[in-house]
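Enquirer: From first to last, the protein sequence lines are chains A and B. When the first sequence is numbered by this note's numbering, its final residue is 109 and no position is left out of the sequence of numbers. When the second sequence is numbered by this note's numbering, its final residue is 114 and no position is left out of the sequence of numbers.
Worth double-checking, as some hints may not be accurate.
What the hints assert, rightly or not - Mimicking DSSO-like on lysine-lysine, the simulated pairs with C-alpha atoms at most 27 Å apart in a straight line are:
1. A:59 x B:52
2. A:108 x B:41
3. B:22 x A:101
4. B:9 x A:101
5. B:9 x A:104
6. B:44 x A:70
7. B:41 x A:101
8. B:52 x B:22
9. A:104 x B:67
10. A:104 x B:41
11. B:67 x A:56
12. A:57 x A:70
13. A:104 x B:52
14. A:104 x B:19
15. B:40 x A:104
16. B:41 x B:9
17. B:9 x B:44
18. B:19 x B:9
19. B:40 x A:51
20. A:36 x B:9
21. A:108 x A:70
22. B:52 x B:67
23. B:36 x A:70
Unchecked claim - Stretch by stretch, here's where chain A covers chain B in the computed footprint (C-beta under 8 Å, at least three residues):
24. 36–43
25. 102–114
Note that these hints are calculated values from the structure, not bench results. From the three backbone atoms N, C-alpha and C, an ideal C-beta is built for every residue, glycine too.
So the chains spell out like this:
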Amino acid sequence: GQQVMQIPQYQHVQEGEDFTTYCNSSTTLSNIQWYKQRPGGHPVFLIQLVKSGEVKKQKRLTFQFGEAKKNSSLHITATQTTDVGTYFCAGGSQGNLIFGKGTKLSVKP
Amino acid sequence: DTAVSQTPKYLVTQMGNDKSIKCEQNLGHDTMYWYKQDSKKFLKIMFSYNNKELIINETVPNRFSPKSPDKAHLNLHINSLELGDSAVYFCASSQGRTVNYGYTFGSGTRLTVV
Numbered sequence: 001g002q003q004v005m006q007i008p009q010y011q012h013v014q015e016g017e018d019f020t021t022y023c024n025s026s027t028t029l030s031n032i033q034w035y036k037q038r039p040g041g042h043p044v045f046l047i048q049l050v051k052s053g054e055v056k057k058q059k060r061l062t063f064q065f066g067e068a069k070k071n072s073s074l075h076i077t078a079t080q081t082t083d084v085g086t087y088f089c090a091g092g093s094q095g096n097l098i099f100g101k102g103t104k105l106s107v108k109p
Numbered sequence: 001d002t003a004v005s006q007t008p009k010y011l012v013t014q015m016g017n018d019k020s021i022k023c024e025q026n027l028g029h030d031t032m033y034w035y036k037q038d039s040k041k042f043l044k045i046m047f048s049y050n051n052k053e054l055i056i057n058e059t060v061p062n063r064f065s066p067k068s069p070d071k072a073h074l075n076l077h078i079n080s081l082e083l084g085d086s087a088v089y090f091c092a093s094s095q096g097r098t099v100n101y102g103y104t105f106g107s108g109t110r111l112t113v114v
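Based on the provided sequences and hints, a complete structural model is requested.
Expert: See below:
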């Protein structure tokens, strides 16, 4: 079935380092959403990108949607311990929202 | 006020039992979902309802039966529970029927089958 691949599966960084997670789809997506799930918590909606080549920023977080609408990335500048959690992308395709498997971020103080 | 509330938060039960999980949203959203998150954190869609109408029914065992008495409620009943059903079950809701709206998730129900 339709899949959205997300890499890396895990990322360990030192506080202050940057972090990036990538999502790829084999087919064109209508939109991409990003969610954050803190340890023991539930996924929380962060943002949605719809347009080809779109870039959005939320403080230290930068979200990009590829020109072909098949890939996306989330970049965190200067990570903090509050950034720990699992980041999921979710791509819209044929009326369904397909979640990637997530990237688990740990931050060492 | 909790936007999407699920009960119970934890559920420990024996194999073969039948159990239900309830979900309610007070956001006025049209669409509600059930997701299963396994131990590897993979989020898998199970069901989706729009205004009480079933619109997504992924390949799940027919031991799982959703019920939506109104658009603010979506319950999940599970018959003959198996060890492999152990997971966290999330209810979610979104405005509208398309994928163009962000989902609001409940806090989850951690089901443990022993």
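Enquirer: Are the hints correct? Go through all of them and say.
Expert: A quick look at each hint next to the structure:
A distance of roughly 39 Å separates the Cα atoms of residue 59 of chain A and residue 52 of chain B; the hinted pair therefore is violated under the 27 Å criterion. Taking the CA atoms of residue 108 of chain A and residue 41 of chain B, the gap is near 21 Å; set against the 27 Å cutoff, the hint holds. Note on residue 22 of chain B and residue 101 of chain A: the hinted pairing holds, with a Cα-Cα distance of about 26 Å set against a maximum of 27 Å. A threshold of 27 Å between alpha carbons decides the hint, and for residue 9 of chain B with residue 101 of chain A the separation of about 23 Å falls inside it, so the pair holds.
For a cut-off of 27 Å, the pair hint linking residue 9 of chain B to residue 104 of chain A stands: about 23 Å separates their Cα positions. Simply put, residue 44 of chain B and residue 70 of chain A have alpha-carbon atoms about 21 Å apart, close enough for the 27 Å limit, and the pair holds. The straight-line distance between the Cα atoms of residue 41 of chain B and residue 101 of chain A is roughly 7 Å, inside the 27 Å bound, and the hint therefore holds. Annotation: proposed proximity of residue 52 of chain B to residue 22 of chain B holds, straight-line Cα distance about 15 Å (limit 27 Å).
The straight-line distance between the Cα atoms of residue 104 of chain A and residue 67 of chain B is roughly 33 Å, outside the 27 Å bound, and the hint therefore fails. Between residue 104 of chain A and residue 41 of chain B the alpha-carbon distance is near 9 Å, which keeps this suggested pair within the 27 Å criterion. Simply put, residue 67 of chain B and residue 56 of chain A have alpha-carbon atoms about 38 Å apart, too far for the 27 Å limit, and the pair is violated. Restraint check for residue 57 of chain A and residue 70 of chain A: the C-alpha separation of about 20 Å stays at or below 27 Å, so the hint holds.
Our distance criterion of 27 Å between C-alpha atoms is broken by residue 104 of chain A and residue 52 of chain B, whose separation comes to about 35 Å. Straight-line distance between C-alpha atoms of residue 104 of chain A and residue 19 of chain B comes to about 31 Å, which puts the hinted pair past the 27 Å bound. Between residue 40 of chain B and residue 104 of chain A the CA atoms are separated by roughly 10 Å; this keeps the pair inside 27 Å, and the hint holds. For the given pair, residue 41 of chain B sits about 17 Å from residue 9 of chain B by alpha-carbon distance, which is consistent with the 27 Å threshold.
For the given pair, residue 9 of chain B sits about 19 Å from residue 44 of chain B by alpha-carbon distance, which is consistent with the 27 Å threshold. The suggested pairing of residue 19 of chain B with residue 9 of chain B holds, with an alpha-carbon distance near 13 Å, which does not exceed 27 Å. For the hint pairing residue 40 of chain B with residue 51 of chain A, the CA-to-CA distance comes to about 31 Å; that exceeds 27 Å, so the pair is violated. Between the alpha carbons of residue 36 of chain A and residue 9 of chain B the distance comes to roughly 20 Å, so the proposed pair stays at or under 27 Å and holds.
Taken as a hint, the residue 108 of chain A and residue 70 of chain A pair is broken in the structure, with Cα atoms around 32 Å apart against an allowance of 27 Å. Restraint check for residue 52 of chain B and residue 67 of chain B: satisfied, since their Cα atoms lie roughly 8 Å apart, inside the 27 Å limit. For the hint linking residue 36 of chain B to residue 70 of chain A, the alpha-carbon distance of about 25 Å falls within 27 Å, and the restraint holds. Taking a C-beta to C-beta cut-off of 8 Å, the region 36–43 of chain B contributes 4 residues in contact with chain A, enough for the three needed, and the coverage statement holds.
Under a criterion of three residues with beta carbons nearer than 8 Å to beta carbons of chain A, the stated coverage of the region 102–114 of chain B is upheld, 7 such residues being counted.
Of the numbered hints stated above, those contradicted by the structure are hints 1, 9, 11, 13, 14, 19 and 21, listed in ascending order.
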